[in-house]
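Those protein sequence lines, which keep their order, are chains A and B.
Following my numbering, the numbering of the first sequence begins with 79 at its first residue and continues without gaps.
Following my numbering, the numbering of the second sequence begins with 195 at its first residue and continues without gaps.
The reader is advised that the hints may include incorrect statements.
[Unchecked claim] 25 Å max Cα-Cα, derived BS3-like pairs, lysine-lysine: (1) A:211 with B:507; (2) A:109 with A:200; (3) B:507 with A:142.
[Claimed, not checked] Which bits of chain A does chain B cover? Going by a derived footprint, with three or more residues having C-beta under 8 Å, they are: (4) 85-91; (5) 128-134.
[As the list claims (entries may be wrong)] Short, incomplete list of chain B residues facing chain A, as computed with Cβ under 8 Å: (6) 331; (7) 465; (8) 466; (9) 496; (10) 505.
The set of hints was computed from the structure by calculation and includes no laboratory data.
Note that beta-carbon positions come from the ideal geometry of N, C-alpha and C, so glycine has one too.
One letter stands for each residue in the lines below.
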Amino acid sequence: MFRVLEDINAKNADAMHSAGSAMTIGMGVVKGANFEADFPSKATATDVFFVTKEIIPTGLNTLKGEISDYALEAIVAGEKVVLVKPIIGEIYWTDQIDSGIAKDDYVVVGTDGKFEKTTSTKSNLKVVSTEVKDAGTHAGIAIEVVDWTTV
Amino acid sequence: MSTKIEIAELMEKNGTMYDWAEKVNRGASLTAEEQEISQVVDAWAKEIGTKGKDNDNEIAEFIIKTITDPVYNKPDALIEKMFEMDSIGEFDDYVINKTPKNTLVAYESAKGGNVYKSYIDTSALTPTWKHAQVETEISYAQLRRGGFKNIANMAVFAKEALDNKKIKDVFSALDTAIAGSDQVFAVTGGESSLTKVVLDKLSLYVLDHLADGDTGIVFGLNKYAQAIANMSGYASYMSSTMKDDYNRYGLVKEYGGCLIGGFSGARKAADGELLVPDRRIFGIAGIIGTLCDRGELRVYETLDNNKERVSLKFTGYEYGIKITNPENVAKITFTT
Numbered sequence: 079m080f081r082v083l084e085d086i087n088a089k090n091a092d093a094m095h096s097a098g099s100a101m102t103i104g105m106g107v108v109k110g111a112n113f114e115a116d117f118p119s120k121a122t123a124t125d126v127f128f129v130t131k132e133i134i135p136t137g138l139n140t141l142k143g144e145i146s147d148y149a150l151e152a153i154v155a156g157e158k159v160v161l162v163k164p165i166i167g168e169i170y171w172t173d174q175i176d177s178g179i180a181k182d183d184y185v186v187v188g189t190d191g192k193f194e195k196t197t198s199t200k201s202n203l204k205v206v207s208t209e210v211k212d213a214g215t216h217a218g219i220a221i222e223v224v225d226w227t228t229v
Numbered sequence: 195m196s197t198k199i200e201i202a203e204l205m206e207k208n209g210t211m212y213d214w215a216e217k218v219n220r221g222a223s224l225t226a227e228e229q230e231i232s233q234v235v236d237a238w239a240k241e242i243g244t245k246g247k248d249n250d251n252e253i254a255e256f257i258i259k260t261i262t263d264p265v266y267n268k269p270d271a272l273i274e275k276m277f278e279m280d281s282i283g284e285f286d287d288y289v290i291n292k293t294p295k296n297t298l299v300a301y302e303s304a305k306g307g308n309v310y311k312s313y314i315d316t317s318a319l320t321p322t323w324k325h326a327q328v329e330t331e332i333s334y335a336q337l338r339r340g341g342f343k344n345i346a347n348m349a350v351f352a353k354e355a356l357d358n359k360k361i362k363d364v365f366s367a368l369d370t371a372i373a374g375s376d377q378v379f380a381v382t383g384g385e386s387s388l389t390k391v392v393l394d395k396l397s398l399y400v401l402d403h404l405a406d407g408d409t410g411i412v413f414g415l416n417k418y419a420q421a422i423a424n425m426s427g428y429a430s431y432m433s434s435t436m437k438d439d440y441n442r443y444g445l446v447k448e449y450g451g452c453l454i455g456g457f458s459g460a461r462k463a464a465d466g467e468l469l470v471p472d473r474r475i476f477g478i479a480g481i482i483g484t485l486c487d488r489g490e491l492r493v494y495e496t497l498d499n500n501k502e503r504v505s506l507k508f509t510g511y512e513y514g515i516k517i518t519n520p521e522n523v524a525k526i527t528f529t530t
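Required output: the full structure, derived from the provided sequences and hints.
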């Protein structure tokens, strides 16, 4: 899942791309050839985007009145997605993370699309909190986009 | 158009909007009038979701109308007993003039001479001001799909989140105000270690500080209120009415001249913290301070047509807390 904690209003949200493989809302991707959103070939924070989509129930779920966003967070390969570019000053929340991330760590997007702690590359994604829970229950990390730093 | 005006008139009536939002929130059945409100709200919610424009700021207007409804503005009964409630304008400030302590001294003296003069010093207290804010967003798709339901829920939840924050701050201010060692009675262990001896000390403290005609209040989380009835040796003091109360409500209602209040341990703020501090039983002897609201809650909405979302900002929820009579509270603390 992907949540905006603080963001710049009215920036563009790129909806030109399709998922290159099965993924989950809140993962990090890079733009690939033929308007595909792919996982990076090696862990990076350069030109990464959060992948998301408008959460609209489909199929039998349309019959249900209220449905959790988490029930609809899967993205199948080939599905059109919205790419959100993290800009300096913004704060985001995601639960698509590897374990072992602590506050003040810098993260990058791994080859599986999940955010992981970086030890040797440069990054501008700083973990400002591991305590923020989405909807009071879902654990994740709050990422602030900061100036580029070599870790 | 005429329906819209009728509904607007209906919305002006005290209580209508809050009742409606609460009912939608709980999923209770609506009256014919309330269904019309739903239809009107649904219509504009869907229109905003379709056109990406909210000309009359209807979302903000509506939410303000709902949560400033006089019916909603009922303060918590217990807080009302503990605090003097007040409200001031957004740009005003507030000073509490405490009734001064009588420090005039009477000396024994010979007739026809002087004794030492003694003086009274007045003091002014300023409350601690806190400002709370909630922000959230609704997607246009949600507005088109859920319509009025989303708006109603949002209004009730935003207000509840802010109120919970205030209640939490009030109780933590209360907790920290109790400094003196004669106001703190420590119990080693959990709620089952509560004894009649300790609770008697607390109720005695409360009774000693009680003004004539006031009733002392002892409160804590439900588990501590429940533990009072189960203290060893206490059953023999319980009247049959109290035993009935215990069996019927799970808690006794009075102890040693004080009313007993229990707070739900399941009622938590959205961040998972308890509204009333754990491991505490508080004893309150009358008014202990002032709780002042400053200004009015404001709602701002920002529509983002690129992302197809409405950002909502609930701000201006400002309140000042001052414990003016810390001697009127005491507490029992538990170590686990």
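If you check each hint against the structure, which ones fail? Number 3 - this is the single hint that the structure violates.
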